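When you get a sec, could you build the whole thing from the sequences and use the hints?
If you read the sequences in order, they're chains A and B.
In case it helps, my numbering puts the first sequence at residues 1 to 818.
In case it helps, my numbering puts the second sequence at residues 819 to 1118.
Possibly wrong hints are sitting among the right ones.
Derived lysine to aspartate or glutamate pairs resembling EDC-like cross-links, with alpha carbons at most 16 Å apart [what the hints assert, rightly or not]: (1) Lys-52(A) - Asp-1063(B); (2) Lys-982(B) - Glu-953(B); (3) Lys-52(A) - Glu-36(A); (4) Lys-524(A) - Glu-540(A); (5) Lys-983(B) - Glu-36(A); (6) Lys-1065(B) - Glu-57(A); (7) Lys-515(A) - Asp-505(A); (8) Lys-728(A) - Asp-682(A); (9) Lys-982(B) - Glu-36(A); (10) Lys-1018(B) - Asp-1063(B); (11) Lys-983(B) - Glu-41(A); (12) Lys-245(A) - Glu-761(A); (13) Lys-265(A) - Asp-223(A); (14) Lys-1069(B) - Asp-1046(B); (15) Lys-772(A) - Glu-279(A); (16) Lys-1012(B) - Glu-41(A); (17) Lys-368(A) - Asp-383(A); (18) Lys-1069(B) - Asp-255(A); (19) Lys-983(B) - Glu-953(B); (20) Lys-726(A) - Glu-365(A); (21) Lys-485(A) - Glu-462(A).
Worth flagging that the hints you see were computed from the coordinates, not collected in a lab.
Values in this document were obtained by computation on a predicted structure and should not be read as measured data.
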Amino acid sequence: MPTWLIWTLGLGVPLTAAAVPIIIHLINLTRYRRVEWAAMEFLLNAYRRTRKRMQMESLIMLLLRVMAVILLAAALFPMGCERIKDWAAETAGMNKLTISTDAPLHLVLVFDDSASMAYTNEGQSAFERGRQYALTLVESMRPGRDRISIIRLSDVYVPPNAGGIKPSDDDAAKSTQRRVSQLFSLDLDSARDTLAATSIAAVDTNVLGAIREASRAIETTPDQDAVALVVISDFLESGWKELRKDGSVHKDFRDVMERVNTRLKKSGTTPTFFDAGFENTQNVAITRVECAERVVGNGMEARVLVDVDYFASSSKAESKTVRLKYRIDGGSERPFAAPVTLQPNQRVDSIRLDLSPRDLALKPEEEKSGASRNVEIFTDEADALKADNSRSLVIHVVPNIPILVVNGVPAPQPDLDETFYLETALGISSSRTEESRGGEPETRITPNRIITMRPEQLMAVESFLDYRLVILCNVAALSEGTIAKLEEFVAAGYGLQIFDGDQLDFQRWNQDLYKKGAGLLPVKLKDPAGSSDKFAQGYELVPNAESHPIVRLFTESPEDREILVGPKAVRNWRAVEIPTGAEADPLRPAEILLNLNAPTGAVPFMVERPFGRGRVIYVATTAGERWNTLWSNGEGLPLFLYLETAHYLTGNEARYSNLSVGEPWRRALRVADVAPRFTIRDPAGTQGELLPTAEQGLKLLEYGGTAVPGVYTVTALDRTESGDSKRKWQERFAVNMESRESNVIRLAGEDDKDAEAVLRESLDGMVIQFQKAGTEIGEGALAGADTGGGLWLWLATFGVGFLLMETLWSAVITKRED
Amino acid sequence: MAEAYQKFLDPAVLNDIRHLEVTARNVVEGFISGLHKSPYKGFSVEFAQHREYVPGDDLRYLDWKAYAKSDKYYIKEYEEETNFRAVIVLDTSESMRYQSGENMSKLDYGRFMAASLAYLIQRQSDAAGLALFDEKLYDFVQPATSHASLMRMLASMSNRKPEKKTNIGDVLTDVAQRSGRRSLIVLISDLFDKVDHLRKGLEHLAARKHDMIVFNLMDHQERDFNFDRLTQFVGMEEMPQLLVDPKSLRKAYLEEVATFTAETRRACLRSRADFTPIDTEMPLGVTLQAYLAKRMGRRG
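Next comes the structure, spelled out in structure tokens:
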């Protein structure tokens, strides 16, 4: 529609409309009743007294009516124009955007391509609905003039275990690295291609992060350009709950949206939210598959724990029954556990799958390097969101785990030796025999292989990277070189355990290993404490961090708890100081796992602190019985406690074996692992090169393209003399959909408010457009154009209401009196 | 005549007021001592009949002998109880023609009132007369106790068409002169005239010791003025017309009515006349009952 016509109509229609009340008024003057009246004297007197006021009131009323009609016409006309334009565009097979401007338009499109968008109803997914709408928008823009920035949620880094909400500076930096593609300022053809090529990324939803990105794109748009914001999402509670008015990041969300809105207002546009989701969603999902054993050695049993959730928007939804199955490395399907019946929004957790040593046994060619096993867990039938009907678990089966134990006080008698009992415990074998398992080979409890050294032998160790765990027991001091190697070792992702003792020069330890909170030692050491009487009764241990994997072992039942808190066996300990103030680093906090119930009150007994990618655990007593009688009076406590600690520390590496979509995979390369070439194959079979990187002197392999769920394979290739490539080692890792994305419950507020109401409440006072899929006819409102927003809408509503009341009132009066 | 009788002597109305009696506010000279207090106490009168006692009857007229014989209360009624004279002055000007909705016109309502009162008065063997007026007194029926007199009054009321202006002041002066002896003057009118004129007329009547009751008849709509849409009011009695939105004028109009009522009431009090506003929407019987009960309360 030509601009001159819009302006002509824009002025003409309201002015013409303004004449309507005047005409009605004049017509009404001819439509009066005639009444013979006796008390005319009173009437005339009253009229004489009130004539001026009546005339004024009549005039004001007429003016109000005229105003109401003008406002109504002014408010509705631009929208009417857009309808006309839509109609014209549809007739011509096009669909135009509605910004009435000649300025170039920059459309910032926030596109939710998270896993939950795969939810499908009647053959169409929320993702497809959203993409279709996005493509319609692109089609409606003017080529050569307008441009689009597409911000996909998959482009925004979601920090693990942080709910994907508030990235730290570190996470923000990762986000920059993580962004798989820069999609700013695309021309329309590129935008169309990008949208067409975009698939569901299975990432977690980080709406606030995406809107922050959008805000950046909007604020950097030149002032002379028009800019519009469209957010396409399925508006599920999992992604949007924290943005609600009562949510934890509501203020941040509002602040960002206010900044965005300030810029959009200059263009005469309003933020548009397109709801591509479905109502009454239901989804049965496998939300957790975890191996209970942190390290699985060849010949060990493994327990796999499975959680199944049933998410439903309505609590009145029907119950569901599912049957779980598994297969290993693509082998045959096998059911396990009894069928599970779930009520809406119920979780059945820790459904157990026991894998025998035979299931995971290494083949002869793998016995040296170990191998990865892919255990796939799935339900017997698919539902509306198929992506979470199965999950993969990669279990690394190792031939053994080399653990270096450094004995600070070696002695010929076991009772006096610092590490005799510890070595025995860490290397324990199964008591079950072949006969007892009906022909099965002997089951191992641990794959640990213990190597013992004296402190002075450490000087000869070139690198600790050949071990998975180093345990220092009552070591007086360490050389500078050893400390540097240990720091490198732990930073690479491995474990260090430190037992205290009377040999420790605690001041040197504080200086060389605590380093005012920056070193390996998790705590600052002070003087030893406790009784000097060798036969004095000790004190008991009490859990502090009950949910910690090590402590949890002792807190799951009263019997388990009794194992920990029963023995009063710790006689001596070292007083320690947890890092505070400048010595504390919020990114690597010290966590007290166990306390000692000393007479002066609880004192830290076992403290953990991360260092680089690895972990360090400090124990405030000796590994042997110099300061305690744990081995002789501990009723098995040290066996469980130290074995579990060793598995925890050596299993650190395993956390990179099973990732959520979007999490980067990392692996430190030991000398033996280095190879001339590394390749990675994604679940679709696409193969690419991996180039090692270096960090703090370590060689690392990193891969950030974990966008698709499934199993990835990394292969190290050696060159043969003939120049061919030969596999040196191979490792697999699983990438699964973020379990939060399985929660398909729609965003709702108190009093069953729907998503739109919740969003409007969250952005209270801000003018936004909210469209549901299936009602796109009015997508012109994307621009909100110059329709005037809320004020105009209110005025229009007032005008309509006023006129309606007037009309009805007149009709009623006319009927009654005529 | 029979038709007029049927029309104005509504049996329901008469039944409603059957047990009530008109009492004068002040002592009125009468021929016979009886119901009304009279300076001529002790005069013998001819006994006519007994009737059953009803609450409110003066116990002085209770027949104790009859009670002793029959164990029932009877009141002795006499042939001539009083020489009480009443003149009913009815306004038949054009303004009395007004009626709203289903209501009867003020004139019809006034006719019913006049007829009922006349019947009641005659039934008590008092003399009732009638004066009809608009801009002047055009018919005057002298007070009498005969049935023929009642019939004549009814006939007079049904003949006149309401088409002239009101002139209460001169009319009341004329009535004062014609009434002769001291009488009860019952004025039934909308009183749409200058209040000064009314005052002047009432003063003339008061000067001649007449007792006065003023019924100010108004239609409900005249009191409430509840019109909704634009209306052209065409004045009666040669008043101009006015096109106006009644809603915006209602408050001022009601103030005018209130002022008029207050001034009229004051004028009546000044002349010791009873003033009673009557709404034509009220049932006639209820109106008369209420008024007569009020009069009885002042007895003595």
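Broken hints, by number: 3, 4, 8, 10, 17 and 18
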